[in-house]
Amino acid sequence: MVYITSWSKFQREAEALYTKSPNKVRYCVKWRTVEGVLVLKVTDDTTCLKYRTSSSVYLNRFEVLNHLLMEKMQNRRVPLPQPIRVSAVEALAATPRSGSPAPTAATKPGETAGTGKKKGKKGKK
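Quick note: the sequence shown uses my numbering, first residue 5, plus one each step.
Note that these hints are calculated values from the structure, not bench results.
A portion of the hints provided could be inaccurate.
Here are the simulated lysine to any residue pairs, SDA-like style, with alpha carbons at most 25 Å apart [claimed, not checked]: (1) Lys-24 with Asn-70; (2) Lys-54 with Val-41; (3) Lys-54 with Gln-78.
The calculated label-pair distances, taken between Cβ atoms and stated as ranges, are [stated by the list, open to error]: (4) Lys-121 with Leu-63: 46 to 54 Å; (5) Glu-39 with Asn-64: 20 to 28 Å; (6) Val-38 with Leu-72: 26 to 34 Å; (7) Lys-123 with Val-68: 52 to 60 Å; (8) Lys-34 with Val-68: 13 to 21 Å; (9) Glu-67 with Lys-125: 53 to 61 Å; (10) Lys-122 with Val-41: 21 to 29 Å.
Note that CB positions come from ideal geometry on N, CA and C, so glycine has one too.
Construct the complete structure from the given sequences, taking the supplied hints into account.
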């Protein structure tokens, strides 16, 4: 069994192999801790595809391949999230009007509303 050196070639051939015979294909993932190597194997007992990497860059690609193969194994597609539609009335109610004053906190007469400054401590004389 020879390892495929190109990720794109491995992914393309693994998907094609699964499409050709979905009932026979097995997908195996091995992590060799001592060597720090991730090994992926896709086989249908006649064809064996293997890919080996020690780079963490390929983890995202590995995740995408897992997602694609799981999607095919479940025989369904994951629906894309639908955009949220807001009616024109709700949109106008949610936007502040430029002519109206901004809401402020209720204050007692003579108080200032949050200047953000702290009073300094009085020192000994």
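Hints and how they fare:
Our distance criterion of 25 Å between C-alpha atoms is met by Lys-24 and Asn-70, whose separation comes to about 18 Å. With a CA separation close to 13 Å, the supplied pair Lys-54 and Val-41 stays within the 25 Å bound. Between Lys-54 and Gln-78 the CA atoms are separated by roughly 23 Å; this keeps the pair inside 25 Å, and the hint holds. A C-beta distance of roughly 50 Å is found between Lys-121 and Leu-63, which places it inside the suggested range of 46 to 54 Å.
Range check, Glu-39 to Asn-64: Cβ separation about 21 Å, and the 20 to 28 Å hint holds. Separated by about 30 Å at the C-beta atoms, Val-38 and Leu-72 satisfy the suggested range of 26 to 34 Å. The hint said 52 to 60 Å for the Cβ distance between Lys-123 and Val-68, and at roughly 58 Å that hint holds. Look at Lys-34 against Val-68: about 19 Å separates their beta carbons, and that is inside 13 to 21 Å.
The given range of 53 to 61 Å is respected by Glu-67 and Lys-125, whose C-beta atoms sit roughly 56 Å from each other. Between Lys-122 and Val-41 the CB atoms are about 59 Å apart, so this pair departs from the stated range of 21 to 29 Å.
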